[in-house]
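Student: Here is what each chain is made of, one letter per residue.
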Amino acid sequence: MAFSGKRPPLWYSIIFDFLGTKTLRIISFSMLGAGLYTGVLDYLENYVLHVDFKPPTTIFTIMGTVLGLLLVFRTNTAYDRWWSGRILLSDLTANARSFAIKINAYLDNNDLKLFFAKMISNHAYAMKEHLREGIKWDEIDEIDPDTTHRLKESYHVPNEIINIVNEKITELYRKGLLTDPQIIELNRHADIATSIVGSCERIRTTPMPFSYRVHLRKYIFFFTLIMPFGFIHELNYWSIVLVMIIYYALAGLDAIGEEIEDPFGQDENDLPVDKVCRTIKNSVEAVLIR
Amino acid sequence: MADHFDIHAMEDKKPSMWFSVVFDYFRTPTLRKTTFSALLVGVYVLIINYLEKFVVHVDFHPPSTIFYILGSVLGWLLVFRTYTAYDRWWKGRIAISYLSNNAKNFSSKMNAYLDKSDIENRKFFANMIANHAYAMKEMLRHGIKYSELIETKPGELSEIKKTYHVPNEIAAQLMIRLTLLYKTKIISYPQYLEAHTYIDTMNLVVADCERIHSSPIPFAYRIHLKKYVLLFAIIMPYGFIDYLDYWSTLVIAVIFYAMYGLDLLAEEIEDPFGDDENDLPIDYVCASIEKYSTTNLQVSIRPSHKIHAHEH
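If you read the sequences in order, they're chains A and B.
Residue numbering for the first sequence follows my numbering, starting at 1 and increasing by one per position.
Residue numbering for the second sequence follows my numbering, starting at 291 and increasing by one per position.
Worth flagging that the hints you see were computed from the coordinates, not collected in a lab.
Where hints are given, some of them may not hold.
Non-contacting residues of chain A with respect to chain B, defined by C-beta distances greater than 12 Å in every case (computed) [said to hold, decoys possible]:
(1) 97
(2) 139
(3) 242
(4) 245
(5) 268
(6) 272
Calculated pairs, SDA-like style, for lysine to any residue (alpha carbon to alpha carbon, straight line, at most 25 Å) [as the list claims (entries may be wrong)]:
(7) A:152 with B:405
(8) A:102 with B:486
(9) A:54 with B:479
(10) A:168 with B:360
(11) A:54 with B:513
(12) B:381 with A:73
(13) B:581 with A:133
(14) B:406 with A:112
(15) B:581 with A:150
(16) A:175 with B:479
(17) B:323 with A:64
(18) A:168 with B:469
(19) A:102 with B:480
(20) B:581 with A:147
(21) B:381 with A:91
(22) A:136 with A:285
(23) B:516 with A:91
(24) A:168 with A:93
(25) A:152 with B:592
(26) B:406 with B:488
(27) B:381 with A:205
(28) A:152 with A:168
(29) B:381 with A:260
(30) B:381 with A:82
(31) A:281 with A:143
(32) B:413 with A:281
(33) B:323 with A:73
(34) A:175 with B:581
(35) A:168 with B:484
(36) A:54 with B:517
(37) A:113 with A:73
(38) B:406 with A:155
(39) B:406 with A:177
(40) A:54 with B:413
No residue lacks a Cβ here, since even glycine has one placed at the ideal position from N, Cα and C.
Work the whole structure out from these sequences, hints included.
Tutor: Set out below in structure tokens:
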């Protein structure tokens, strides 16, 4: 199976992965801070000040309702981007395959088939790195020096690739190698390829609205400030552990949300973009290069 | 090297520490407005506390069950409010990215169809595609800024400036030009047919954005939620002053801040075409539409605009 994810062999093995996860690393400092705060508060309240601020549980229920809502919202919107990204990648694969089988049926010239095979897989690879840090030129198959120069000079490489493909399709149509319905079909596939890049860019560049992020974090912050008062009178120093665990659950969800809402990177939680590119290259070459 | 598309230009700077954003107070004007209301509620709680303990002794003790019931209904209202507002924001984002995709596809096709030497038509299409985006942007704000629209030759925009709905007039001009190209056999029947879909998409996107812009959540729901939050804040102190005394000021202000903040945030993002910090990067998208249409069609439409014309 090319796409079997990262499934741990046994359920409890995930416990030993605990210390290696990215979520823990992101929030570890603030989690220790929450523990430290609880410890200091506990000492002050029980041995020095005796303020006796004992919030009733109702408070945590009310705060918890709003907090739950914010966390659900955070998780849903982030996951929605992740899953939409996954759908776009599979659309790209389907589009590349249809494009290739149509080219294969319409054209007889092997050079032209090779041109389209290279351009379709180049488009996928260019999109992949375009969504990361910039194009890796060793992944791009060379067509001829002219085209490579044109791509390297380009403002937006995936777009320029489709631009060249469009010019080629129109040129073949003018020469009579493609008929009216055939160019309608090929143009449609070129459009879909460009639209998928645009939609991926949309996911890449649009995190959750900034104020919501701030609001959620502030809220977790205030919740953590008040939470220890609910425990320190009864649990004493055990409340340190309890507060840290609750904090881990709350802040962890937010950290995961931030992590998966940009799914095109190379982390353990990101989409299998590299595999999708390889699949596209292999399927297209299998059809067009014989 | 040409200047590359910068995917990072639209992003916020990610905070280095997870919680540093908590203190990012001055970048969030909406939340600052909430702070003021939360302070008022705090003062209200203080007064109630004082009156109840030292003056009136009403002894109104609502049982905690009441707060569970009120709280869960309020939770659902806030969920509804937040999701409908966010839905408009995200649909708006999708609409402007469709406009950008459409501009790329349209200009790329026109580049393939038009002769390399046909500078006049190339400029016309590049310019009109860009103008359409700029006109739509300002129409969704405070009315068209004619100074933003580009004129590649004198009088090109004279018809457009007279009209009632500028983006639609631009689409009309594009349609007239495409029909002319078809009649003079510069583009063929299937090419002409396909170009129609680009014009249709432009109109669809404009209509989608207008819908989002002009249809906030029904007024009754908006008021209902505000009233509910207010009533909740009015009753809440009676549940807590006995246990918490003056601490209830802090606790209730924090709870109120969270709830009212959600309401204000929803109000702000449900019309996402403005230019404050939670709005969509629509200026950036318009600028990139101009960039795509000019680079795809290999012309420049601004006197000082440098682009890389490709040598063949």
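Student: All the hints need checking, so say for each whether the structure fits it.
Tutor: To see whether the hints hold, each was checked on the structure:
Look at residue 97 of chain A: its CB is around 20 Å from the nearest CB on chain B, clear of 12 Å, so calling it non-interface holds up. Remark: the non-interface label on residue 139 of chain A is consistent with the geometry, its nearest Cβ contact in chain B lying 16 Å away (cut-off 12 Å). Taking the minimum C-beta to C-beta distance to chain B, about 20 Å, the non-interface status of residue 242 of chain A holds against the 12 Å cut. Here residue 245 of chain A stays apart from chain B, with its beta-carbon at least about 17 Å from theirs, past the 12 Å limit.
At the 12 Å boundary, the C-beta of residue 268 of chain A stays outside the reach of chain B, the nearest C-beta of that chain being 19 Å off. Every CB of chain B is more than 12 Å from the CB of residue 272 of chain A (nearest about 20 Å), matching its label as outside the interface. For the suggested pair residue 152 of chain A and residue 405 of chain B, the alpha carbons sit about 24 Å apart, so the restraint of at most 25 Å is met. Under the criterion of a C-alpha separation no larger than 25 Å, the hint pairing residue 102 of chain A with residue 486 of chain B is consistent with the structure, at around 23 Å.
At roughly 79 Å between alpha-carbon atoms, residue 54 of chain A and residue 479 of chain B are farther apart than 25 Å, so this suggested pair is violated. With a C-alpha separation of about 65 Å, the suggested pair residue 168 of chain A and residue 360 of chain B falls outside the 25 Å cut-off, and the hint is violated. A hinted pair counts as satisfied when its Cα atoms are at most 25 Å apart, and residue 54 of chain A with residue 513 of chain B does not qualify at roughly 35 Å. Only pairs whose Cα atoms come within 25 Å are accepted, and residue 381 of chain B paired with residue 73 of chain A is accepted, the gap being roughly 16 Å.
Restraint check: the Cα-Cα separation between residue 581 of chain B and residue 133 of chain A comes to about 20 Å, which is no more than 25 Å; the hinted pair holds. Distance restraint check for residue 406 of chain B and residue 112 of chain A: the Cα-Cα separation of roughly 22 Å lies within the 25 Å cut-off, and the hinted pair is therefore satisfied. For the proposed pair residue 581 of chain B and residue 150 of chain A, the alpha carbon gap of about 16 Å is at most 25 Å, so the pair holds. Annotation: proposed proximity of residue 175 of chain A to residue 479 of chain B holds, straight-line Cα distance about 16 Å (limit 25 Å).
For the proposed pair residue 323 of chain B and residue 64 of chain A, the alpha carbon gap of about 23 Å is at most 25 Å, so the pair holds. The straight-line distance between the Cα atoms of residue 168 of chain A and residue 469 of chain B is roughly 24 Å, inside the 25 Å bound, and the hint therefore holds. Of the pairs offered as hints, the one joining residue 102 of chain A and residue 480 of chain B holds, with about 17 Å between alpha carbons and a cut-off of 25 Å not exceeded. Restraint check for residue 581 of chain B and residue 147 of chain A: satisfied, since their Cα atoms lie roughly 20 Å apart, inside the 25 Å limit.
The suggested pairing of residue 381 of chain B with residue 91 of chain A holds, with an alpha-carbon distance near 20 Å, which does not exceed 25 Å. For the hint pairing residue 136 of chain A with residue 285 of chain A, the CA-to-CA distance comes to about 20 Å; that is within 25 Å, so the pair holds. A C-alpha spacing of about 43 Å is found between residue 516 of chain B and residue 91 of chain A, which places the hinted pair above 25 Å, so the restraint is violated. For the given pair, residue 168 of chain A sits about 21 Å from residue 93 of chain A by alpha-carbon distance, which is consistent with the 25 Å threshold.
A hinted pair counts as satisfied when its Cα atoms are at most 25 Å apart, and residue 152 of chain A with residue 592 of chain B qualifies at roughly 24 Å. The suggested pairing of residue 406 of chain B with residue 488 of chain B holds, with an alpha-carbon distance near 22 Å, which does not exceed 25 Å. Proposed proximity of residue 381 of chain B and residue 205 of chain A is supported: the alpha carbons are some 15 Å apart, at most 25 Å. With a CA separation close to 19 Å, the supplied pair residue 152 of chain A and residue 168 of chain A stays within the 25 Å bound.
Of the pairs offered as hints, the one joining residue 381 of chain B and residue 260 of chain A holds, with about 20 Å between alpha carbons and a cut-off of 25 Å not exceeded. Distance check on the hinted pair: residue 381 of chain B and residue 82 of chain A sit about 17 Å apart at the alpha-carbon level, within 25 Å; holds. At most 25 Å may separate the alpha-carbon atoms for a hinted pair to count; residue 281 of chain A and residue 143 of chain A meet this at roughly 15 Å. Restraint check: the Cα-Cα separation between residue 413 of chain B and residue 281 of chain A comes to about 36 Å, which exceeds 25 Å; the hinted pair is violated.
With a CA separation close to 22 Å, the supplied pair residue 323 of chain B and residue 73 of chain A stays within the 25 Å bound. With a C-alpha separation of about 31 Å, the suggested pairing of residue 175 of chain A with residue 581 of chain B is violated against the 25 Å cut-off. For a cut-off of 25 Å, the pair hint linking residue 168 of chain A to residue 484 of chain B stands: about 17 Å separates their Cα positions. Of the pairs offered as hints, the one joining residue 54 of chain A and residue 517 of chain B is violated, with about 30 Å between alpha carbons and a cut-off of 25 Å exceeded.
Among the hinted pairs, residue 113 of chain A with residue 73 of chain A is inconsistent with the structure: their alpha-carbon atoms are about 47 Å apart, more than 25 Å. Between residue 406 of chain B and residue 155 of chain A the alpha-carbon distance is near 20 Å, which keeps this suggested pair within the 25 Å criterion. For the suggested pair residue 406 of chain B and residue 177 of chain A, the alpha carbons sit about 21 Å apart, so the restraint of at most 25 Å is met. For the hint linking residue 54 of chain A to residue 413 of chain B, the alpha-carbon distance of about 72 Å lies beyond 25 Å, and the restraint is violated.
Violated hints for the displayed structure, listed by number in ascending order: 9, 10, 11, 23, 32, 34, 36, 37, 40.
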